[in-house]
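The whole structure should be built from the sequences, with the hints applied where relevant.
Just so we're aligned: 368 in the UniProt record's numbering is position 368 of the sequence shown, and the numbers increase by one with no gaps anywhere.
Where hints are given, some of them may not hold.
What the hints assert, rightly or not - Subject to a maximum C-alpha distance of 25 Å in a straight line, what follows is the list of computed DMTMM-like cross-link-like pairs (lysine to aspartate or glutamate):
hint: 1; residue 1: LYS230; residue 2: ASP167
hint: 2; residue 1: LYS259; residue 2: GLU139
hint: 3; residue 1: LYS161; residue 2: ASP135
hint: 4; residue 1: LYS230; residue 2: GLU273
hint: 5; residue 1: LYS166; residue 2: GLU273
hint: 6; residue 1: LYS161; residue 2: ASP176
hint: 7; residue 1: LYS179; residue 2: GLU168
hint: 8; residue 1: LYS221; residue 2: ASP176
hint: 9; residue 1: LYS221; residue 2: GLU168
Hints in this document: simulated from the structure, not taken from any laboratory. None of the values given here were measured: they were computed from a predicted structure.
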Amino acid sequence: MQRRFVQGGKTQPANEPQEEFITVNLPLRTLSPGRLSRDDYVDLSNSRALILDSTDSATLSAPNHTPLPAYIYYNNRSAHHAKPRFTAFPANTRGYFYYRLRFFNRSENHLPYGGSIRFRVCQDSDPRRFEQGQDLLTEYGTPWQMHLLAIGALPRFSLFKSVLQKDELISSDFWDENKRFLRNAFYLRLGPHSQVIYQCGEPFWMDLACPTYAVYVALPKWFYPLTTEKMFLASKRLVQESRERSEEPLSTTRWPFEKGVVICRLERDPQGESITTRVMRVVEPIRLSNSSTERFDTVDLPLLPRQRLTINGHLSRTILPGPRSRDLAVYDHLMPGKRSTSKAAKKERSKSPASHANRATKHKLANWPEDDLPQQ
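Below is the structure:
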């Protein structure tokens, strides 16, 4: 393990400060907790990691000449379409990178595509004390992780893919079996800091400063982008009308929120007709822009901890299963064994036999308009 100072990011104008990172070179040997040794222990305090091939002597001797450097940062604070603003890992980040399986609904069955790479914080380099450590958290208190399919969609993280297969943590044909998933992840620009959820109740954070900020719901073959625009506006039609009245991007002048970060989770509404959102914690106070009341109708404010989102005092339906079949597919996936009682959902299901449901969903996905997807 080596520590060195390097310049982070791309070349910057002379009048802008140059950001420096301490880079820790980490030859990646294994991601399996059962195969860890003291050589896999790494101290990332106030630094970033550069993952290297432990079997490539040329790369180990000249890490600066790696064609696609696999840098790993703690976070990226930049808004969408903006230059990355990476942050270093916090102090006392010492431990091991490892692969963690995703188990569904607290059962013994794991989702083959749901795993992620996490960092286990251990203040002792003895791998026998791995279980006594704790997983690293983000600055908002959610687990720090790089999701498997986000990694698979990025060429610079190909080393992770080969190590996962070598450790037999994924099957040898996993990537071929999930090509459609990987294409969808690449199209949606999932990255190492993207948030992916697999079931209701999982915590995630939303940045209200950007209308296209998204958390992704992973279905068996594709991702459903859940944006701040969809979650916190009462009517998307108002947003579209405002776009038509102005040539300026929505994210710069036509978005009602200036700032705000909240921790949320998805829940089934009491009537079983839709999926709602509950605010768990307000991390950064919400501030509206000056023009928001003239152009937009938002969810009820202020947002209160432990309360569901509402619109005019009624529950806000974050995912309403109908009349669009992709929302119905998301509802059925997040609520296994449940059926929405709404008339729209019943009408949608009656259009085709159950045996053709997946085929219809795939057809819908293939024909999504690009302007209906978040830019990330």
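Okay, the hints, checked on the actual structure:
1. In summary, the hint linking LYS230 to ASP167 is not supported, as the alpha carbons are separated by about 40 Å, beyond the 25 Å threshold.
2. Under the criterion of a C-alpha separation no larger than 25 Å, the hint pairing LYS259 with GLU139 is consistent with the structure, at around 17 Å.
3. Between LYS161 and ASP135 the CA atoms are separated by roughly 21 Å; this keeps the pair inside 25 Å, and the hint holds.
4. Simply put, LYS230 and GLU273 have alpha-carbon atoms about 17 Å apart, close enough for the 25 Å limit, and the pair holds.
5. Pair hint LYS166 plus GLU273 does not hold up; C-alpha atoms about 45 Å apart against a cutoff of 25 Å.
6. Among the hinted pairs, LYS161 with ASP176 is consistent with the structure: their alpha-carbon atoms are about 12 Å apart, no more than 25 Å.
7. Restraint check for LYS179 and GLU168: satisfied, since their Cα atoms lie roughly 19 Å apart, inside the 25 Å limit.
8. With a C-alpha separation of about 13 Å, the suggested pairing of LYS221 with ASP176 holds against the 25 Å cut-off.
9. The straight-line distance between the Cα atoms of LYS221 and GLU168 is roughly 22 Å, inside the 25 Å bound, and the hint therefore holds.
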